[in-house]
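A.B. asks: Residues per chain are reported as follows:
Number of protein chains: 2
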Amino acid sequence: MAIRIGILGYGNLGKGVECAVRHNPDMELAAVFTRRDPASLELLTEGVKVYAAEDAPAKKDEIDVMILCGGSATDLPKQTPDMAKYFNVVDSFDTHARIPEHFDAVDEAAKNSGHVGIISVGWDPGMFSLNRLYANAVLPGGKDYTFWGKGVSQGHSDAIRRIEGVKDARQYTIPIDSALEAVRSGSNPELSIRQKHTRECFVVAEKGADQDKIRETILHMPNYFADYDTTVHFISEEELRRDHAGIPHGGFVIRSGKTGWEDEHSHVIEYSLKLDSNPEFTSSVLAAYARAAYRLHQEGQSGCKSVFDIAPAYLSALDGAALRKHLL
Amino acid sequence: MAIRIGILGYGNLGKGVECAVRHNPDMELAAVFTRRDPASLELLTEGVKVYAAEDAPAKKDEIDVMILCGGSATDLPKQTPDMAKYFNVVDSFDTHARIPEHFDAVDEAAKNSGHVGIISVGWDPGMFSLNRLYANAVLPGGKDYTFWGKGVSQGHSDAIRRIEGVKDARQYTIPIDSALEAVRSGSNPELSIRQKHTRECFVVAEKGADQDKIRETILHMPNYFADYDTTVHFISEEELRRDHAGIPHGGFVIRSGKTGWEDEHSHVIEYSLKLDSNPEFTSSVLAAYARAAYRLHQEGQSGCKSVFDIAPAYLSALDGAALRKHLL
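In order, the protein sequence lines correspond to chains A and B.
Heads up: the first sequence is residues 1 to 328, going by the numbering used here.
Heads up: the second sequence is residues 1 to 328, going by the numbering used here.
If you are wondering where the hints come from, they were derived from the structure by calculation, not from laboratory data.
Since this is a predicted model, take the numbers as computed values, not measurements.
Wrong hints could be hidden among the right ones.
Because identical chains cannot be distinguished in the list, a pair is counted as satisfied if it fits within a single copy or across any two copies.
Result set (SDA-like, lysine to any residue): computed pairs, CA atoms no more than 25 Å apart in a straight line [said to hold, decoys possible]:
(1) Lys60 to Asp26
(2) Lys111 to Ala311
(3) Lys111 to Arg295
(4) Lys150 to Arg184
(5) Lys150 to Gly260
(6) Lys111 to Ala322
(7) Lys325 to Gly141
(8) Lys78 to Gly186
(9) Lys167 to Val50
(10) Lys78 to Ser178
(11) Lys150 to Ala182
(12) Lys150 to Pro189
(13) Lys59 to Asp75
(14) Lys143 to Asp276
(15) Lys111 to Ala321
(16) Lys150 to Leu44
(17) Lys325 to Ala311
(18) Lys60 to Leu41
(19) Lys150 to Gly186
(20) Lys150 to Ile193
Please put together the full structure from these sequences, using the hints given.
C.D. replies: Here it is, written out as structure tokens:
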């Protein structure tokens, strides 16, 4: 019997999960839940029903794993523990500083209800975190580097859109090649924020807006842009739609470290992602961890887990013998 | 209390484990076991004793994890199940085709004695296998590529040394850049053996040996060289010692795959290693999995496991809360 997946929240991420379920023959989409009017949603999958978010608990016997596709700022801190009362849950909570408290909240709810909750699943946190952990464990004497991009940062794009006179904007985070090369050389360089990434902004200004003022506001925005070498391009709405419609992203996790009795040998471990669609890749990781949540629950486990707590074999549709034969 | 590590076999790998233990403050080297005369070994670590291999069982209460540093051809198939009767064990068994039977033999011994055995630990099998599994689980619609090098292949170097008239040799496996680039483009190319790697051989011939004949023998050696573009250089013994003393290796695991309702988006996941010392890196992975074996045994688990069966958190000296805070 296929693993019955529920989706709560049908934005880019929810649609991505719907597509990921289609790529995993051992899963089926059971239902989608939304805070919008259910009648207003048109799914890609035929024959699947859309319900109001508040009706989710009533469907608890029809869904094996609920994948939460809301945002980390306000949705998930409430939704994940709430839904863990009724379902095994998986989310992509990505506010790094608040992970400990989110973990505790989901752990309490999931333990009380006997479900499994897996939080902070995606690529960072997620696959990048895994690679940081493995590399740290293998090379304890070393140094970590994470680079992001080239890709669209939604947070930075939103920050530009909030500036007076800006109609729309798209911001790309770009790792600096010379910094990547320095890290790959194994020389363990100290790199400032400015030395690691540049930021490139494509801005559609309102008619008659003061472009110089918009540019200055961007360049001096603290945290977001002031510490970076930032380029601002003003383009038309048509150009934005034509050339910047995608949501690519990616990045690099690199650790270099030493081995040998006198640290005489250097090693470089590098993991990188080049993603055409940030939300669809994140959704694909969510789907794999939904499989793990289902299996762990079947084994009688409960409580909150992160990607660190889950043996890789739980992510695959293949059994242990097949994995050892084909992938080990 | 530190995890007490035993080493069986004190070649390059065993010495590497000794160095890795020094880099992990929660471990200590308890003893080294050898089939040579124990008095003939001089360890790097002060105050640690060397015993004959057959005395290992008598030390079973003094060692938490025995790391087996023998070869896969004849040592490990016998040693790992043998030692699993007395110890938690970790090995780097790398004969891919025989992993299923090795797993079964170690599983039986370890279950009977209540120990944990972790086999096929290192980088391939090992870290490369993990990356194949994760990438397969996340991108079920995709294609895997593994490239090795640039690095020294011991097996190929040995094959050359067995040729009449050859005094010594070193063989490098080199991935072909254009193949790597084609894979990274996401185009999922079909690549022949010859298109993926070249082989470069540095050969010291015996005085008066027929170099043309040696070259021809290498170039036409089935399995080892015949399917590759191979270059043979004759050099002096001094040059071999001076320029080819290291044992570097590394490689790339790349998976590209599609997501989206109509497979409209491409993604590339790449993991790579650049290693100054193949045995020392392998040893570092063995040490991390020794920590996992110790902890799993403390939890009451037993039987054989591969890297697929072990949650990443078990590899780290940090606890769950610290991992979530610093690496997630």
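A.B. asks: How do Lys78 and Ser178 come out at 25 Å by Cα distance, when the copy is not named: within, between, both, or neither?
C.D. replies: neither (42 Å within a copy, 49 Å between copies)
A.B. asks: State whether the alpha carbon distance between Lys78 and Gly186 is at most 25 Å within one copy, between copies, both, or neither.
C.D. replies: For Lys78 and Gly186, neither the intra-copy (43 Å) nor the inter-copy (39 Å) Cα distance is at most 25 Å.
A.B. asks: With identical chains, the pair Lys150 and Leu44 could be close in the same copy or across copies; at 25 Å between alpha carbons, which is it: within, between, both, or neither?
C.D. replies: neither (29 Å within a copy, 46 Å between copies)
A.B. asks: Checking an output row: Lys111 and Arg295, CA cutoff 25 Å. Within, between, both or neither?
C.D. replies: For Lys111 and Arg295, the Cα distance is within 25 Å both inside one copy (16 Å) and across copies (23 Å).
A.B. asks: Pop the pair Lys325 and Ala311 into one bin, within, between, both or neither, using alpha-carbon distances up to 25 Å.
C.D. replies: For Lys325 and Ala311, both the intra-copy (17 Å) and inter-copy (20 Å) Cα distances are at most 25 Å.
A.B. asks: My question is about Lys60 and Asp26: at a cut-off of 25 Å on alpha-carbon distance, are they close within one copy, between copies, both, or neither?
C.D. replies: For Lys60 and Asp26, only the intra-copy Cα distance (20 Å) is at most 25 Å; the inter-copy one is 45 Å.
A.B. asks: For Lys150 vs Gly186, is the C-alpha pair at or below 25 Å within one copy, between two copies, both, or neither?
C.D. replies: Cα proximity of Lys150 and Gly186: in one copy and across copies (22 Å, 16 Å).
A.B. asks: How would you classify Lys60 and Leu41 at a CA-CA limit of 25 Å: within, between, both, or neither?
C.D. replies: within (21 Å within a copy, 65 Å between copies)
A.B. asks: Is the C-alpha distance from Lys59 to Asp75 at most 25 Å within one copy, between copies, in both cases, or in neither?
C.D. replies: within (20 Å within a copy, 56 Å between copies)
A.B. asks: Should Lys150 paired with Ile193 be assigned to within, between, both, or neither, using CA atoms and 25 Å as the limit?
C.D. replies: within (16 Å within a copy, 32 Å between copies)
A.B. asks: Should Lys150 paired with Gly260 be assigned to within, between, both, or neither, using CA atoms and 25 Å as the limit?
C.D. replies: Classified as between: cross-chain Cα gap 20 Å, same-chain 36 Å, threshold 25 Å.
A.B. asks: At most 25 Å between alpha carbons: which applies to Lys150 and Arg184, within, between, both or neither?
C.D. replies: Both, since 18 Å and 15 Å are each at most 25 Å.
Violation of the numbered hints given earlier is confined to hints 8, 9, 10, 16; the remaining hints are satisfied by the structure.
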